[in-house]
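Participant: Start from the sequences and build out the full structure, keeping to the hints where you can.
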Amino acid sequence: MTELRWTWLIARKDLNLEFRAGGRLLSMIAFVVLAGFLFGFALDKGQVPGRAVVASLTWLTVLFASTAGAGRIFDTEEEDGAFRHVLLTPVSRRAVFLGKTVANLALTWLITALSFIALTSFLGVRTSGSLAAHAAIFLPGTIGLSATATFFGRMSRHSNLGDSLLPVLTFPLLAPLVFFGATASARVFMALPWDEISSLVRLLWAFAIGSVAVGAVLFHHVTDE
Amino acid sequence: MTLEGRGIVCDYGPVRALAGVDLRAAGREILAIVGPNGAGKTTLLKVLSGERRPDHGEVTLNGTRVSGSDAAWRARIGLVSHRTGLYEKLTAIENLRFFAALHGLRRNGRKLTATLEAVGAGDLAGRRVETLSRGQRQRVALARSILHDPEILFLDEPFTGLDPEGAAGLEHALTARRHDGAVVVLVTHDLRRGLRLADRVVVLRRGRKVFDGEAAEDGAAEILDHFTAGAEAP
Amino acid sequence: MESTRVRTAGLLLVWAGVAAILLMHWMVVFWVPTEAAQGVVQRIFYVHVPGAWTTFLAFGIVALASAAYLWLEDERADAAAVAAAEGGLIFGAIMLISGPLWGRVAWGTYWTWEPRLTLTLLLWFTYLGYFLVRGSVADPRRGKRFAAVVAIVGSLNIPLIHVSVSWFRSLHPGPVVIKPEGPTLHPDMLTTLLVSLAGFTMVFLGLFAFRYSIELAARRQARAEDAALAGGLA
Numbered sequence: 001m002t003e004l005r006w007t008w009l010i011a012r013k014d015l016n017l018e019f020r021a022g023g024r025l026l027s028m029i030a031f032v033v034l035a036g037f038l039f040g041f042a043l044d045k046g047q048v049p050g051r052a053v054v055a056s057l058t059w060l061t062v063l064f065a066s067t068a069g070a071g072r073i074f075d076t077e078e079e080d081g082a083f084r085h086v087l088l089t090p091v092s093r094r095a096v097f098l099g100k101t102v103a104n105l106a107l108t109w110l111i112t113a114l115s116f117i118a119l120t121s122f123l124g125v126r127t128s129g130s131l132a133a134h135a136a137i138f139l140p141g142t143i144g145l146s147a148t149a150t151f152f153g154r155m156s157r158h159s160n161l162g163d164s165l166l167p168v169l170t171f172p173l174l175a176p177l178v179f180f181g182a183t184a185s186a187r188v189f190m191a192l193p194w195d196e197i198s199s200l201v202r203l204l205w206a207f208a209i210g211s212v213a214v215g216a217v218l219f220h221h222v223t224d225e
Numbered sequence: 226m227t228l229e230g231r232g233i234v235c236d237y238g239p240v241r242a243l244a245g246v247d248l249r250a251a252g253r254e255i256l257a258i259v260g261p262n263g264a265g266k267t268t269l270l271k272v273l274s275g276e277r278r279p280d281h282g283e284v285t286l287n288g289t290r291v292s293g294s295d296a297a298w299r300a301r302i303g304l305v306s307h308r309t310g311l312y313e314k315l316t317a318i319e320n321l322r323f324f325a326a327l328h329g330l331r332r333n334g335r336k337l338t339a340t341l342e343a344v345g346a347g348d349l350a351g352r353r354v355e356t357l358s359r360g361q362r363q364r365v366a367l368a369r370s371i372l373h374d375p376e377i378l379f380l381d382e383p384f385t386g387l388d389p390e391g392a393a394g395l396e397h398a399l400t401a402r403r404h405d406g407a408v409v410v411l412v413t414h415d416l417r418r419g420l421r422l423a424d425r426v427v428v429l430r431r432g433r434k435v436f437d438g439e440a441a442e443d444g445a446a447e448i449l450d451h452f453t454a455g456a457e458a459p
Numbered sequence: 460m461e462s463t464r465v466r467t468a469g470l471l472l473v474w475a476g477v478a479a480i481l482l483m484h485w486m487v488v489f490w491v492p493t494e495a496a497q498g499v500v501q502r503i504f505y506v507h508v509p510g511a512w513t514t515f516l517a518f519g520i521v522a523l524a525s526a527a528y529l530w531l532e533d534e535r536a537d538a539a540a541v542a543a544a545e546g547g548l549i550f551g552a553i554m555l556i557s558g559p560l561w562g563r564v565a566w567g568t569y570w571t572w573e574p575r576l577t578l579t580l581l582l583w584f585t586y587l588g589y590f591l592v593r594g595s596v597a598d599p600r601r602g603k604r605f606a607a608v609v610a611i612v613g614s615l616n617i618p619l620i621h622v623s624v625s626w627f628r629s630l631h632p633g634p635v636v637i638k639p640e641g642p643t644l645h646p647d648m649l650t651t652l653l654v655s656l657a658g659f660t661m662v663f664l665g666l667f668a669f670r671y672s673i674e675l676a677a678r679r680q681a682r683a684e685d686a687a688l689a690g691g692l693a
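Chains as they are written, first to last, in our numbering: chain Z, 1 to 225; chain Y, 226 to 459; chain R, 460 to 693.
What the hints contain is simulated information worked out from the structure, not anything from laboratory work. You may find that some hints are simply not true.
Some chain Y residues judged to face chain Z by a derived CB distance under 10 angstroms, without partners named [said to hold, decoys possible]: (1) Ala297; (2) Tyr312; (3) Ser370.
Calculated from the model, a selection of chain Y residues having no Cβ within reach of chain R, i.e. all distances over 12 angstroms [stated by the list, open to error]: (4) Asp236; (5) Pro239; (6) Arg241; (7) Ala251; (8) Gly275; (9) Asp280; (10) Leu286; (11) Arg301; (12) Thr316; (13) Ala343; (14) Ile371; (15) Thr385; (16) Ala393; (17) Arg418; (18) Leu420; (19) Arg421.
No farther apart than 25 angstroms at their CA atoms in a straight line, the calculated lysine to any residue pairs in the SDA-like style are these [stated by the list, open to error]: (20) Z:Lys45 / Z:Met190; (21) Y:Lys314 / Z:Leu87; (22) Y:Lys336 / Z:Arg12; (23) Y:Lys336 / Z:Met1.
On a predicted model such as this, the values are computed, not experimentally measured, just so you know. The C-beta atom is built at its ideal place from N, Cα and C for all residues, glycine as well.
Facilitator: Below you can see the structure in the form of structure tokens.
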């Protein structure tokens, strides 16, 4: 019970700060919309049909946006050293990790929805009737993504390489996630039956649950001195 | 109540920040840890508060070993540092409410307002921290650090950047905590203030304790000697 | 001294391994029959496969030693992890260079989504991250802990990477995926491969032991120098 309450407190505080600051949110929104626009602009749609690449491009946009934002998950904590004081309260490290992952997840959903809309419209791909299937794929995918970003975002705050360290650490880990996700989404765009998608979604859930569990167990190693 | 450190050794890689420090801090007493920059004061404070596990040695409270990974221990301590540790986009009272909730204190509106008033920040409750002056922030930070009535209060260079009025308020709050029976551990490079406020003084130099005794007026000269000897070293 | 013995044993192993690898090269050039389907290029396989094997062996050691370090905070576990990770980086590079060279001739392309090739590339980058994290964190103890976490998380991810790459291949079968191993392998080829495997393993384990003892000695030395410095100043 206490764990849940702590998780909720941290998540609510983070989202509250995020909306009050506004800047980060706005820049991420601009990033995904512009990325979608550029992909649509740069692709020769006579050569490459949008339907064939839209799934991969959406997943990559979400991956890049959340990696770029991962380091900043902890920026508000470090503004004036607040995180040290959070860690000095009885709150469990597990709850801190879960809370920040939840807040990050909410933002990732926003980004995912926006990049999905931006890419399908800029590439002229129709999505009618398959939105539920897309959501069922992105749900576990974004959970895995948010947990990984939160975990390594904390690590990068202590590194003098900062955010440039994040892709090196997270991309090898996220490679299977992006592969499962992009393959599953592509199959939805190709209107394949759910039977040919469900095992990929199960793997995405395995990644999501695994990354949340491992993050919760190991997080104290990246927070405590 | 006695907080005790025994044989504390702390390394940063090959660099030995603390080389076997012993010290005691008792309830109703302010212990000042003073020393020049790089003496290991902040590291010692982090070891005492449980934030950093020492490489050797142990910290005990009334003979029981304490550890930063123990939530019950963290519930009993408070920290004021030179960084306020407040969220700028939240108001003073929202900051307090958040930290109070992390401490498991609920339905505490009156208590939080009272704590703010006690540190002379009653009128700041509804203001966002980003609009406050340094001195005002530090008062809110102090309120945050004592709202759960910690038995042990750690202060890490709390006077940095404070105006005289703010410093006076902080000093008042410290002596009030001492009066309530708390252990107060104050880390400062400001020897004069340390001597004036503290009951006992520990002087650190290059990770070693070079003086430990009453902060009585007649001993001040000796303490000063130890202090400046370290400051002159290259 | 114990570390001297470890170092000597390591050096002996390295030399034995080098001898085996020289023998392997002689066998590859003058002795082993040419594989019918692929021709001469198949001989790169005697370097490639042992390179891959040692890379995975190294990663296993890194992951186990890292887990031990997180659990026990023992410097020796960390030194073992570093020593193995350096070996893994080198042997991984051998694997990553020899694989595409072979692939260019056998498959007609430098890069193919062959499961083990892809897996090794991602593992290699995990090793890279391991060193980048270690070196870029100000507090060495924290750097070691972060690196250990990276190694553990990286090893947990191996099954998922494996599933994803084998899946990918089933979707897009490569030109001709030839598996040189298996029941069709000529006995002389098997002998050559075993000699090479033994050589690579000995070189790796020897370098590992050598590097491990040097790492420990370097840390002891740095600590002693710091202590001498502190003593001289005190």
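Participant: Compare the structure with each hint and give your call.
Facilitator: Against the structure, the hints come out as follows:
1. Ala297: Constraint on Y:Ala297 satisfied, holds at 7 angstroms.
2. Tyr312: holds (6 angstroms)
3. Ser370: holds (8 angstroms)
4. Asp236: The assertion about Y:Asp236 is violated, with a minimum of 8 angstroms to chain R.
5. Pro239: Y:Pro239 is in fact no farther than 12 angstroms from some Cβ atom of chain R, at 3 angstroms.
6. Arg241: The assertion about Y:Arg241 is violated, with a minimum of 6 angstroms to chain R.
7. Ala251: holds (29 angstroms)
8. Gly275: holds (16 angstroms)
9. Asp280: violated (8 angstroms)
10. Leu286: holds (23 angstroms)
11. Arg301: holds (25 angstroms)
12. Thr316: Fine: 33 angstroms to the nearest Cβ keeps Y:Thr316 off the interface.
13. Ala343: holds (36 angstroms)
14. Ile371: Its Cβ never comes within 12 angstroms of chain R, the nearest being 29 angstroms, so this holds.
15. Thr385: The claim holds: Y:Thr385 sits with its nearest Cβ about 21 angstroms from chain R, beyond 12 angstroms.
16. Ala393: holds (36 angstroms)
17. Arg418: Given that every Cβ of chain R is farther than 12 angstroms from that of Y:Arg418, nearest at about 26 angstroms, it holds.
18. Leu420: With a cut-off of 12 angstroms, Y:Leu420 remains clear of chain R, as the shortest Cβ separation is near 24 angstroms.
19. Arg421: holds (28 angstroms)
20. Z:Lys45 / Z:Met190: Distance ~17 angstroms between Z:Lys45 and Z:Met190 Cα, so the pair holds.
21. Y:Lys314 / Z:Leu87: With a Cα-Cα distance of about 20 angstroms, the restraint between Y:Lys314 and Z:Leu87 holds, given a limit of 25 angstroms.
22. Y:Lys336 / Z:Arg12: holds (22 angstroms)
23. Y:Lys336 / Z:Met1: holds (24 angstroms)
Hint check: violations occur at hints 4, 5, 6 and 9; the rest are consistent with the structure.
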